[in-house]
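J.: One-letter residues, chain by chain:
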Amino acid sequence: MTSVLARVLLVGAAVVLAFVAGGQHGATSSVGAAGVSSALGLAVNGAPAPMHMELVITYQGVTFRHSYDVTIRDCSADPLEFNGTGQYPSGGAAVYTEEVSNGQIADDVMTFTTTYNTGYWATLSLERIGPDTWFGGGHDSSEQAFDSTSVTTRGGCAVLLPDETDEQPPDEQPDEPAVDQPADAEQAEPTTDPLSVALAELFAGGGDYWTRGNDYARERTGETVYDSSDGEFEDNIIGAFHESIGSPTNKTKAQAQAELVMVLVARYAAAKDSTGKLLFPSIFQALPVFGRLAQKAADEEDPRAQLALGRFFVLLMDLDIQAGKGQ
Amino acid sequence: MIQMRLAVASLGGLLLFLTACGGGGGDTDRETIEGAGVSVEISASWVSESTSTSLRVAPDQAALETESGIQFRAELSDASAADLEAAVSELSSPEAGERAASLSAVEDASEVRVGGKDGVAITLEETVGGTAVTTRYVFVNVDGERTYLFTLQAPSTEWESHESSLAAVLESVRFT
Chain A
1 MTSVLARVLL
11 VGAAVVLAFV
21 AGGQHGATSS
31 VGAAGVSSAL
41 GLAVNGAPAP
51 MHMELVITYQ
61 GVTFRHSYDV
71 TIRDCSADPL
81 EFNGTGQYPS
91 GGAAVYTEEV
101 SNGQIADDVM
111 TFTTTYNTGY
121 WATLSLERIG
131 PDTWFGGGHD
141 SSEQAFDSTS
151 VTTRGGCAVL
161 LPDETDEQPP
171 DEQPDEPAVD
181 QPADAEQAEP
191 TTDPLSVALA
201 ELFAGGGDYW
211 TRGNDYARER
221 TGETVYDSSD
231 GEFEDNIIGA
241 FHESIGSPTN
251 KTKAQAQAEL
261 VMVLVARYAA
271 AKDSTGKLLF
281 PSIFQALPVF
291 GRLAQKAADE
301 EDPRAQLALG
311 RFFVLLMDLD
321 IQAGKGQ
Chain B
1001 MIQMRLAVAS
1011 LGGLLLFLTA
1021 CGGGGGDTDR
1031 ETIEGAGVSV
1041 EISASWVSES
1051 TSTSLRVAPD
1061 QAALETESGI
1071 QFRAELSDAS
1081 AADLEAAVSE
1091 LSSPEAGERA
1101 ASLSAVEDAS
1111 EVRVGGKDGV
1121 AITLEETVGG
1131 TAVTTRYVFV
1141 NVDGERTYLF
1151 TLQAPSTEWE
1161 SHESSLAAVL
1171 ESVRFT
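Residue numbers (the numbering used here), protein chains in the order written: chain A, 1 to 327; chain B, 1001 to 1176.
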C-alpha cells in the first residue's frame, strides 16, 4: 500500500515537474489596480485596460518565470474580466506560449486559466496582498496543486481616490499605471489580521516603493527593477530561503508572505546596470539579515518580525537610491 | 579677598589633580586605527584586527576571538560572486536557522548618519553559539558603489553596559 502510494506520489511529482519545466506550471496572475479598486469599492473608468503580469513560481525550491499581457475588458464591471496571452520563460524567446482565459477579479481575489500550446492547462486563484502583488495557488489539468506563486503587475484599471471619482473624466488614463500609486495600500480596508497589516506596511511603508524602485532603475538602465534583475541570482536566493523554511509543500500564510518578501528582496538585490553594477548594493549586502528576518517572519506568531522586514527593505531601497543618484 | 584666594587655590589644585589623572586629556586614552577604507577611534586598551575588506575591534583579545563577544566590525562589500555564494549558503545554514528561530526585533529599522553618510540601522537579538546576542546592524551606502555593514554586538546581558562605547566607535567612523 505504501509502495503504491509512494509511486502515485512520485508520478504526481513528475507530472508537476514536467509541467513546471514546460512552462505549464500554474500561472498565477494578478491585477494590480483592478484588485485594489475592487477592494476599496472605488469607481474606475470604463475603458478596456491592458495589464502586464509577471509570475514567479517557486516549486520545490526552484523558481519559474512566466509573463502575460492581458486586457481587462471593462474597468467598470464587477467582477472585472480579462484574457490575453503569455509565455514561458518571461524573458527572451518563448519556449511555450500560453493563452489566458476566464480571468476574473472580485473581492481581492483573481482567478484565471492559462492553457499552453501543448494543451496542458492550469487554473489559478490568487489573493491580493499588495497594490501590485498577488499570492496564491491553483491546480493543473492533472490535478496537481500549486503554491508559492507570486505575481506583480503593471497597468490595469486606473484607481481613483474617493474625492476624485466625480471629477476625473471616465476615459482619462493616468500617465503612470495606477498600480504604482501609493495610496492603494495605505487606504486598504482595515484588517485585524496582523500578518496582512505587516505586509501592507511593506507595500505602503515610506510611500510607494515600487514606483521609486522602478523610476531609479529606469534612470540607470532604461528598464524596471524586474527587467534589470539577474534571474539566476534571484533563483539562488529564493531557493535558499525556501530550503531554510524546510521546503514546505503546503505553506502557511505567514510562510507564503515571507517568501513573497524574499522574492522581492532577491529581485532588488539582483538588479544590475549594463556594466554589472548592482543597483541596490545595500539590499545585496543585507541578504543574510533579510534571510533570518524572513525566516522569523514566516512564523505565524511573529508579525513584528514581518513589520521589521518590510520597513528594513523600504529604508534600504531608499538608501541605495539616494546614494546612487549622488554618483 | 581671602575667600577669593582660597577659591583660586582650590581651582588650581583641581586642575593639577585633573591633569595628573588625565581627566582633561581623554584623547590621550584613545587612538585612531584604519582598515577596510575607514578609520575609527577606539580606547587605547582595545584590540583590533583588519584586512582589506574588514576591520574588527573589541575590548580584549578574548572578545575579538569569540563569535558572540563584544565587538565592533566594519565590513566592506565588493558585491562579488563570492559574496552571493556566502549569502546563499548562510541563508540555509543550520546556524542561520538557529539565529532566525531565536530572533526578535529589539529596535525597528531606522535611518542613521555615519561618517557624514546616510545609513539604515536595525537592532536584533539572536542566539549565536548558544548565547543570546544583541546586534545592531548598520548599513551605509557611501557613494553608490562602496557599501559597508557596521556591526555592533554584545551578549544581551552586557548590551546595556557596552552599547554606548560601541556607539561611540560608530560615531567616530570616517571614510578614508
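Keep in mind the hints are simulated off the structure, nothing from the lab. Some clues are possibly wrong.
What the hints assert, rightly or not - Below, in silico cross-link-like pairs of lysine to any residue (SDA-like), each with a Cα-Cα straight-line distance of 25 angstroms or less:
#1 A:K272 / B:E1090
#2 A:K277 / B:G1116
#3 A:K325 / B:G1115
#4 A:K253 / B:G1115
#5 A:K325 / A:T224
#6 A:K325 / B:D1143
#7 A:K272 / B:S1102
#8 A:K325 / A:T221
#9 A:K253 / B:S1102
#10 B:K1117 / B:S1165
#11 A:K277 / B:S1165
#12 A:K277 / B:G1097
#13 A:K325 / A:P248
#14 B:K1117 / A:D273
#15 A:K325 / B:E1085
#16 A:K277 / B:E1041
#17 A:K272 / B:G1097
#18 B:K1117 / B:Q1061
#19 A:K277 / B:S1102
#20 A:K272 / B:E1041
#21 A:K253 / A:A106
#22 A:K325 / A:D215
#23 B:K1117 / A:G326
#24 A:K325 / B:R1146
#25 A:K253 / B:V1088
#26 A:K272 / B:S1050
#27 B:K1117 / B:E1041
#28 A:K272 / B:S1165
#29 B:K1117 / B:T1053
#30 A:K253 / B:G1097
J.: Now look at each hint and say whether the structure bears it out.
T.: Structure-based check of all given hints:
For the given pair, K272 (chain A) sits about 22 angstroms from E1090 (chain B) by alpha-carbon distance, which is consistent with the 25 angstroms threshold. Taking the CA atoms of K277 (chain A) and G1116 (chain B), the gap is about 24 angstroms. The hint holds against a cut of 25 angstroms. Taking the CA atoms of K325 (chain A) and G1115 (chain B), the gap is near 19 angstroms; set against the 25 angstroms cutoff, the hint holds. Straight-line distance between C-alpha atoms of K253 (chain A) and G1115 (chain B) comes to about 41 angstroms, which puts the hinted pair past the 25 angstroms bound.
Restraint check: the Cα-Cα separation between K325 (chain A) and T224 (chain A) comes to about 16 angstroms, which is no more than 25 angstroms; the hinted pair holds. Restraint check for K325 (chain A) and D1143 (chain B): satisfied, since their Cα atoms lie roughly 9 angstroms apart, inside the 25 angstroms limit. Taking the CA atoms of K272 (chain A) and S1102 (chain B), the gap is about 34 angstroms. The hint is violated against a cut of 25 angstroms. Between K325 (chain A) and T221 (chain A) the CA atoms are separated by roughly 13 angstroms; this keeps the pair inside 25 angstroms, and the hint holds.
About 20 angstroms separates the Cα atoms of K253 (chain A) and S1102 (chain B), which keeps this hinted pair within 25 angstroms; it holds. Proposed proximity of K1117 (chain B) and S1165 (chain B) is supported: the alpha carbons are some 21 angstroms apart, at most 25 angstroms. For the suggested pair K277 (chain A) and S1165 (chain B), the alpha carbons sit about 36 angstroms apart, so the restraint of at most 25 angstroms is broken. A hinted pair counts as satisfied when its Cα atoms are at most 25 angstroms apart, and K277 (chain A) with G1097 (chain B) does not qualify at roughly 30 angstroms.
A C-alpha spacing of about 41 angstroms is found between K325 (chain A) and P248 (chain A), which places the hinted pair above 25 angstroms, so the restraint is violated. A hinted pair counts as satisfied when its Cα atoms are at most 25 angstroms apart, and K1117 (chain B) with D273 (chain A) qualifies at roughly 23 angstroms. Straight-line distance between C-alpha atoms of K325 (chain A) and E1085 (chain B) comes to about 28 angstroms, which puts the hinted pair past the 25 angstroms bound. Using a Cα cut-off of 25 angstroms, the hinted pair K277 (chain A) and E1041 (chain B) is violated, with the two alpha carbons roughly 32 angstroms apart.
Restraint check for K272 (chain A) and G1097 (chain B): the C-alpha separation of about 29 angstroms exceeds 25 angstroms, so the hint is violated. About 30 angstroms separates the Cα atoms of K1117 (chain B) and Q1061 (chain B), which puts this hinted pair outside 25 angstroms; it is violated. With a C-alpha separation of about 35 angstroms, the suggested pairing of K277 (chain A) with S1102 (chain B) is violated against the 25 angstroms cut-off. Proximity of K272 (chain A) to E1041 (chain B) is assessed by CA-CA distance (about 35 angstroms); at most 25 angstroms being required, the pair is judged violated.
Distance check on the hinted pair: K253 (chain A) and A106 (chain A) sit about 20 angstroms apart at the alpha-carbon level, within 25 angstroms; holds. Taking the CA atoms of K325 (chain A) and D215 (chain A), the gap is near 11 angstroms; set against the 25 angstroms cutoff, the hint holds. This hinted pair checks out: K1117 (chain B) and G326 (chain A) have alpha carbons roughly 11 angstroms apart, not beyond 25 angstroms. Straight-line distance between C-alpha atoms of K325 (chain A) and R1146 (chain B) comes to about 14 angstroms, which keeps the hinted pair within the 25 angstroms bound.
Of the supplied pair hints, the one linking K253 (chain A) and V1088 (chain B) holds, its CA atoms being roughly 24 angstroms apart against a limit of 25 angstroms. At roughly 30 angstroms between alpha-carbon atoms, K272 (chain A) and S1050 (chain B) are farther apart than 25 angstroms, so this suggested pair is violated. This hinted pair checks out: K1117 (chain B) and E1041 (chain B) have alpha carbons roughly 17 angstroms apart, not beyond 25 angstroms. With a C-alpha separation of about 38 angstroms, the suggested pairing of K272 (chain A) with S1165 (chain B) is violated against the 25 angstroms cut-off.
A distance of roughly 19 angstroms separates the Cα atoms of K1117 (chain B) and T1053 (chain B); the hinted pair therefore holds under the 25 angstroms criterion. Distance restraint check for K253 (chain A) and G1097 (chain B): the Cα-Cα separation of roughly 20 angstroms lies within the 25 angstroms cut-off, and the hinted pair is therefore satisfied.
When each numbered hint is compared with the structure, violations occur for hints 4, 7, 11, 12, 13, 15, 16, 17, 18, 19, 20, 26, 28.
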